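Please construct the entire structure, taking both the sequences and the accompanying hints into account.
2 protein chains.
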Amino acid sequence: MSVIGKAALLGGGVIGGGWAARLLLNGIDVVLFDPDPQAARKMGEVMTNARRAFADLIPEGRPSEGRLTITADLAEAVSGATFIQESAPERLELKQNLFAEVDALAPEDALICSSTSGLLPTELQAKMKRPERLLVAHPFNPVYLLPLVELVGGEKTAPEAIERAKTLYVSLGMKPLHVRREIEAFIADRLMEALWREALWLVKDGIASAEEIDDAIRYGCGLRWAQMGTFQVFNIAGGEAGMRHFMAQFGPALKWPWTKLMDVPEMTEELIERIAEQTDAQAGGRSFRELERIRDENLVAIMQALEPKDWGAGAVLKQYRAQLRGDKT
Amino acid sequence: MSVIGKAALLGGGVIGGGWAARLLLNGIDVVLFDPDPQAARKMGEVMTNARRAFADLIPEGRPSEGRLTITADLAEAVSGATFIQESAPERLELKQNLFAEVDALAPEDALICSSTSGLLPTELQAKMKRPERLLVAHPFNPVYLLPLVELVGGEKTAPEAIERAKTLYVSLGMKPLHVRREIEAFIADRLMEALWREALWLVKDGIASAEEIDDAIRYGCGLRWAQMGTFQVFNIAGGEAGMRHFMAQFGPALKWPWTKLMDVPEMTEELIERIAEQTDAQAGGRSFRELERIRDENLVAIMQALEPKDWGAGAVLKQYRAQLRGDKT
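Protein chains in written order, with the working numbering: chain A, 1 to 329; chain B, 1 to 329.
Keep in mind the hints are simulated off the structure, nothing from the lab.
In this text the structure is predicted, and so the values were computed from the model without any measurement.
C-beta atoms are modelled at their ideal positions from N, C-alpha and C, and glycine is treated no differently.
Be careful, since some hints might not be right.
Chain B regions said to be covered by chain A (calculated; three or more residues, Cβ under 8 Å) [as the list claims (entries may be wrong)]:
#1 212 to 224
#2 296 to 309
Once the Cα atoms are required to be at most 30 Å apart in a straight line, the calculated DSSO-like pairs of lysine-lysine come out as [unchecked claim]:
#3 B:Lys-166 x B:Lys-127
#4 B:Lys-166 x B:Lys-42
#5 B:Lys-318 x B:Lys-166
#6 B:Lys-309 x A:Lys-318
#7 A:Lys-156 x B:Lys-204
#8 A:Lys-166 x A:Lys-156
#9 A:Lys-309 x B:Lys-42
#10 A:Lys-127 x A:Lys-6
#11 B:Lys-127 x B:Lys-156
#12 B:Lys-156 x A:Lys-204
#13 B:Lys-6 x B:Lys-156
#14 B:Lys-129 x B:Lys-6
#15 A:Lys-42 x A:Lys-166
#16 B:Lys-166 x B:Lys-129
#17 B:Lys-166 x A:Lys-204
#18 B:Lys-6 x B:Lys-318
#19 A:Lys-166 x B:Lys-204
#20 A:Lys-309 x B:Lys-318
#21 A:Lys-42 x B:Lys-309
#22 A:Lys-127 x A:Lys-166
#23 B:Lys-309 x B:Lys-166
#24 A:Lys-309 x A:Lys-166
#25 B:Lys-127 x B:Lys-6
#26 A:Lys-156 x A:Lys-127
#27 A:Lys-318 x A:Lys-166
#28 A:Lys-129 x A:Lys-6
#29 B:Lys-166 x B:Lys-6
#30 B:Lys-309 x A:Lys-309
#31 B:Lys-318 x A:Lys-318
Chain B is faced by these chain A residues, among others (derived, beta-carbon under 8 Å) [claimed, not checked]:
#32 Ala-199
#33 Asp-215
#34 Arg-218
#35 Gly-222
#36 Trp-225
#37 Gln-282
#38 Ala-283
Here you go:
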């Protein structure tokens, strides 16, 4: 029996659609609140890719798919829900008002999570009568495959809500990471943005193209990041003397004027156009859905490759598969 | 027949040792110049791990190993060499003087490459009589597994030297990336440093531990970076409207005060100690060599997983395997 009864999702964009797919593929019924008349078509496309990826990931013993309902009526969506995941546009006031409404409409004991990639839970819960059950649960695209979900509580979030969320996301095959201090953009997005900003400078200054930068990542450091992150990789790079040696040797380099850390590149039309042209060229005429499929196949292959090693995302997958087996017996 | 006759390596540290392993495992004889009395012991340990990883990567049809000679005599090392790779400490004057000596001692047509992770080739070639044959060829740890090598020419580097280096590194199963404009730290290290600097801030400010930061990478974005880099991933994240939409939506976030971009954290003893303690805890009592083995096994598994997809590092591996087969028939 799942820890989730009825799931209500607010918003069916790239992230909300990904949540819907993960829940449905885990056999959970989903009511999706989305006023967009295109919502059903978009969800259908997401599910086509997600179903294929999930079947590759878990060839045997998958739960039977949950039932999807799409509605433009918020009260209908959250009525009777035990778990609510919001993935609306990133505007504070919009989200605050949405949570105030949901707070009044949903059952008292429903857990309410926001997919925001940067807004603070303390601000998100400001207009709620029962703010203790709200937290941020920030996932990563594609939500139906990547294990990470960052959990961030606000000043009024109850510790029990965090614990409940941990259990819930683990039951969906995910890896919850509790971000212990409330900070804008949390952990992963700050790291991604630091990398992205430097990458934008390299394109703007004509040092490298989008493709060259992607190659510099995926043929080198990206393969290390995927399984060990950055600290443990540098720990090993320090050789026998480990991290202390590494920091002594490479720490000072941070003071050299290597990276464009003092400013943010101006997002001119010209820069946006240059990058869009370069990424189009890189995509080589493949459609968005085709690229998505390639990405998903690669993610599945990497996670499965790490599974026998019981390492990183492979360890999460191994545990998830055991859970699914347990659910059947 | 290899494009490399005799290879001379200057310096047998983590990088130089990794080069030695890649060359030896490709059947090439190596003379290693290293005055360190511990050089033979260290090389023995590197080869133990590298041999295992390479046997996992290429279970069948490996070339027979080349012969390793270690010498403290520079003239002996470079005499008759067709290819010279320098991996000495990162001090400009030391490298300049080394290259001036090598320039005089080595055969006129020897290709000379530097493993520097940041110094400019124009400066490295300053004291050479035949600077046209020097370039930077910057590899990534572990050199015997990761495909990427950044090639950077200086003002006096001949275009033919770059072309010759490309052929040479491809023959070793690598992916040369020509960095078209000379810039400190090239491409990959700038990206890694941007990420690393942000990570250091997060630890310094007590937001997250080294392990939590590594988890935020390896369970999420790291899995995407390993196969697509950053631009193509964001292109997909933009949904049907692609990169233009993504930039319009997320570009402005770069102007928010999310990341600590204005300064560099002070590398106090306390910060170094905190990070070293956290990475030690994360390592869970595993030795450096043990961690290295785990990392290598994971890298092999990821590259092999991508090979049937003919994608990224998997495509390089596929081509390399075909080359090795071709060499045998």
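Status of each hint after checking the structure:
A stretch counts as covered by a chain when three or more of its residues have a beta carbon under 8 Å from one of that chain; for the stretch 212 to 224 of chain B and chain A the count is 13, and the coverage holds. Check result for the stretch 296 to 309 of chain B against chain A: holds, 11 residues qualifying (beta carbon to beta carbon below 8 Å, three or more required). Under the criterion of a C-alpha separation no larger than 30 Å, the hint pairing Lys-166 of chain B with Lys-127 of chain B is consistent with the structure, at around 25 Å. Between Lys-166 of chain B and Lys-42 of chain B the alpha-carbon distance is near 29 Å, which keeps this suggested pair within the 30 Å criterion.
With a C-alpha separation of about 18 Å, the suggested pairing of Lys-318 of chain B with Lys-166 of chain B holds against the 30 Å cut-off. Only pairs whose Cα atoms come within 30 Å are accepted, and Lys-309 of chain B paired with Lys-318 of chain A is accepted, the gap being roughly 22 Å. Between the alpha carbons of Lys-156 of chain A and Lys-204 of chain B the distance comes to roughly 26 Å, so the proposed pair stays at or under 30 Å and holds. For a cut-off of 30 Å, the pair hint linking Lys-166 of chain A to Lys-156 of chain A stands: about 18 Å separates their Cα positions.
A C-alpha spacing of about 27 Å is found between Lys-309 of chain A and Lys-42 of chain B, which places the hinted pair at or below 30 Å, so the restraint holds. With a C-alpha separation of about 24 Å, the suggested pairing of Lys-127 of chain A with Lys-6 of chain A holds against the 30 Å cut-off. Straight-line distance between C-alpha atoms of Lys-127 of chain B and Lys-156 of chain B comes to about 12 Å, which keeps the hinted pair within the 30 Å bound. Simply put, Lys-156 of chain B and Lys-204 of chain A have alpha-carbon atoms about 26 Å apart, close enough for the 30 Å limit, and the pair holds.
Using a Cα cut-off of 30 Å, the hinted pair Lys-6 of chain B and Lys-156 of chain B holds, with the two alpha carbons roughly 25 Å apart. Between Lys-129 of chain B and Lys-6 of chain B the alpha-carbon distance is near 22 Å, which keeps this suggested pair within the 30 Å criterion. For a cut-off of 30 Å, the pair hint linking Lys-42 of chain A to Lys-166 of chain A stands: about 29 Å separates their Cα positions. Straight-line distance between C-alpha atoms of Lys-166 of chain B and Lys-129 of chain B comes to about 23 Å, which keeps the hinted pair within the 30 Å bound.
Pair hint Lys-166 of chain B plus Lys-204 of chain A holds up; C-alpha atoms about 26 Å apart against a cutoff of 30 Å. With a CA separation close to 26 Å, the supplied pair Lys-6 of chain B and Lys-318 of chain B stays within the 30 Å bound. For the proposed pair Lys-166 of chain A and Lys-204 of chain B, the alpha carbon gap of about 26 Å is at most 30 Å, so the pair holds. Note on Lys-309 of chain A and Lys-318 of chain B: the hinted pairing holds, with a Cα-Cα distance of about 22 Å set against a maximum of 30 Å.
Under the criterion of a C-alpha separation no larger than 30 Å, the hint pairing Lys-42 of chain A with Lys-309 of chain B is consistent with the structure, at around 27 Å. Taking the CA atoms of Lys-127 of chain A and Lys-166 of chain A, the gap is near 25 Å; set against the 30 Å cutoff, the hint holds. Straight-line distance between C-alpha atoms of Lys-309 of chain B and Lys-166 of chain B comes to about 24 Å, which keeps the hinted pair within the 30 Å bound. Between Lys-309 of chain A and Lys-166 of chain A, the direct Cα distance comes to roughly 24 Å. Compliance with the 30 Å bound is thereby established for this hinted pair.
Straight-line distance between C-alpha atoms of Lys-127 of chain B and Lys-6 of chain B comes to about 24 Å, which keeps the hinted pair within the 30 Å bound. Distance hint between Lys-156 of chain A and Lys-127 of chain A is fulfilled; the C-alpha atoms sit about 12 Å from each other, no more than 30 Å. For the hint linking Lys-318 of chain A to Lys-166 of chain A, the alpha-carbon distance of about 18 Å falls within 30 Å, and the restraint holds. For the hint linking Lys-129 of chain A to Lys-6 of chain A, the alpha-carbon distance of about 22 Å falls within 30 Å, and the restraint holds.
Under the criterion of a C-alpha separation no larger than 30 Å, the hint pairing Lys-166 of chain B with Lys-6 of chain B is consistent with the structure, at around 17 Å. Simply put, Lys-309 of chain B and Lys-309 of chain A have alpha-carbon atoms about 21 Å apart, close enough for the 30 Å limit, and the pair holds. Distance check on the hinted pair: Lys-318 of chain B and Lys-318 of chain A sit about 27 Å apart at the alpha-carbon level, within 30 Å; holds. The interface hint given for Ala-199 of chain A is met, as the beta carbon of that residue sits about 6 Å from the closest beta carbon of chain B, less than 8 Å.
For Asp-215 of chain A, the shortest C-beta to C-beta distance to chain B is roughly 5 Å, which falls under 8 Å, so the interface hint holds. Interface restraint check for Arg-218 of chain A: the shortest CB-CB distance to chain B comes to about 5 Å, inside 8 Å, so the restraint holds. With a cut of 8 Å, the hint placing Gly-222 of chain A at the interface with chain B holds, because the nearest CB-to-CB distance is about 4 Å. Among the interface hints, the one on Trp-225 of chain A holds; its C-beta lies about 4 Å from the nearest C-beta in chain B, closer than the 8 Å criterion.
Interface restraint check: Gln-282 of chain A against chain B, minimum CB-CB distance 6 Å, threshold 8 Å, status holds. Given hint, Ala-283 of chain A at the interface with chain B, holds; its Cβ is 7 Å from that chain's nearest Cβ, closer than 8 Å.
When each numbered hint is compared with the structure, no violation occurs for any of them.
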